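From just these sequences and the hints, can you work out the full model?
So the protein sequences, as listed, match chains E and Z. Quick note: the first sequence uses my numbering, first residue 1, plus one each step. Quick note: the second sequence uses my numbering, first residue 119, plus one each step.
Check before you lean on any hint, since a few could be wrong.
[Unchecked claim] Mimicking DSSO-like on lysine-lysine, the simulated pairs with C-alpha atoms at most 30 angstroms apart in a straight line are:
no.	chain 1	residue 1	chain 2	residue 2
1	Z	Lys227	E	Lys57
2	E	Lys57	Z	Lys120
3	Z	Lys160	E	Lys71
4	Z	Lys227	E	Lys9
5	Z	Lys160	Z	Lys174
6	Z	Lys160	E	Lys9
7	Z	Lys120	Z	Lys227
8	Z	Lys174	Z	Lys227
9	E	Lys14	Z	Lys160
10	Z	Lys188	E	Lys57
11	Z	Lys160	E	Lys57
It should be emphasised that the hints constitute simulated quantities derived from the structure, not laboratory data. Since this is a predicted model, take the numbers as computed values, not measurements.
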Amino acid sequence: NAGVTQTPKFQVLKTGQSMTLQCAQDMNHNSMYWYRQDPGMGLRLIYYSASEGTTDKGEVPNGYNVSRLNKREFSLRLESAAPSQTSVYFCASSEVEARTVFSNQPQHFGDGTRLSIL
Amino acid sequence: QKEVEQDPGPLSVPEGAIVSLNCTYSNSAFQYFMWYRQYSRKGPELLMYTYSSGNKEDGRFTAQVDKSSKYISLFIRDSQPSDSATYLCAIPTYSGAGSYQLTFGKGTKLSVIP
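Here it is, written out as C-alpha cells:
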C-alpha cells in the first residue's frame, strides 16, 4: 500500500522555467491538497480539491495552478518559477470531503518534493 | 494574531524525560485538535486528535485541551530517541463558503538525547 506518492523527490530549476509536480494516492480518497513548507512558516495550503472535478485556492495560491486529473491524481504546476517558490512541497489526501464539517479523518501526506529555484 | 501559534523550539531533552509541547489558538469555536509528527525528510503523519476539552491518552502520549485558555498540549512520557521529530499542532478552521481547512502550527523540533 503506497499511500500518497509524489514525483519527483528533488528538482532544481532556473528562474522562469516551468514544472509540474505530480501526486497520486491509492486510498480512494475524495479530497487532495497541496502544501508548501518553509522554515519559520510552517505548512501553508496552496490549493485543494474537495472532490474530483473541483479545485479551490488555499492560503498561498499565487504563482501556482492545479489540475485534479481524476480521483487518484492531483498535480501542481509552476508556470514561471521564482526563487521565492523554493520550498518543500507536500501533497496530502483525506477521505472526508473538504467542504463538510471536519471530523477526525486525518490527512495522509506524501514524503515531499524538494524544489530549489536558482 | 495568527489562528494557531506554536513555539518552534528547538527542544532538546535527555532520554526518559517528560516532554510538553504546546500550542495556542485564537477562535473559541474550534472543536477538533490534532497533533502530527514529522520525521526528518518525511511527510507529517497524524499522531493524535481530541475533540472539545479534556485529555486523551495513547500509550506514552497524552493530548490535552483547555478551551477556557485556548491552549492545547501534547505530553510524551518516558521519551525515547525515536521520538525525535518535529511535532505540529493542527486545527480545522473555517475558510468560508462551507469549507474547512487544516491550519497548522509552525511545528516544534524535538531531540531526545540518549
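Each hint, compared with the structure:
1. Among the hinted pairs, Lys227 (chain Z) with Lys57 (chain E) is consistent with the structure: their alpha-carbon atoms are about 29 angstroms apart, no more than 30 angstroms.
2. Between Lys57 (chain E) and Lys120 (chain Z), the direct Cα distance comes to roughly 19 angstroms. Compliance with the 30 angstroms bound is thereby established for this hinted pair.
3. Restraint check for Lys160 (chain Z) and Lys71 (chain E): satisfied, since their Cα atoms lie roughly 24 angstroms apart, inside the 30 angstroms limit.
4. For the suggested pair Lys227 (chain Z) and Lys9 (chain E), the alpha carbons sit about 23 angstroms apart, so the restraint of at most 30 angstroms is met.
5. Taken as a hint, the Lys160 (chain Z) and Lys174 (chain Z) pair is honoured in the structure, with Cα atoms around 26 angstroms apart against an allowance of 30 angstroms.
6. Our distance criterion of 30 angstroms between C-alpha atoms is met by Lys160 (chain Z) and Lys9 (chain E), whose separation comes to about 11 angstroms.
7. The suggested pairing of Lys120 (chain Z) with Lys227 (chain Z) holds, with an alpha-carbon distance near 20 angstroms, which does not exceed 30 angstroms.
8. Pair hint Lys174 (chain Z) plus Lys227 (chain Z) holds up; C-alpha atoms about 22 angstroms apart against a cutoff of 30 angstroms.
9. Between Lys14 (chain E) and Lys160 (chain Z) the alpha-carbon distance is near 25 angstroms, which keeps this suggested pair within the 30 angstroms criterion.
10. A distance of roughly 28 angstroms separates the Cα atoms of Lys188 (chain Z) and Lys57 (chain E); the hinted pair therefore holds under the 30 angstroms criterion.
11. The suggested pairing of Lys160 (chain Z) with Lys57 (chain E) holds, with an alpha-carbon distance near 25 angstroms, which does not exceed 30 angstroms.
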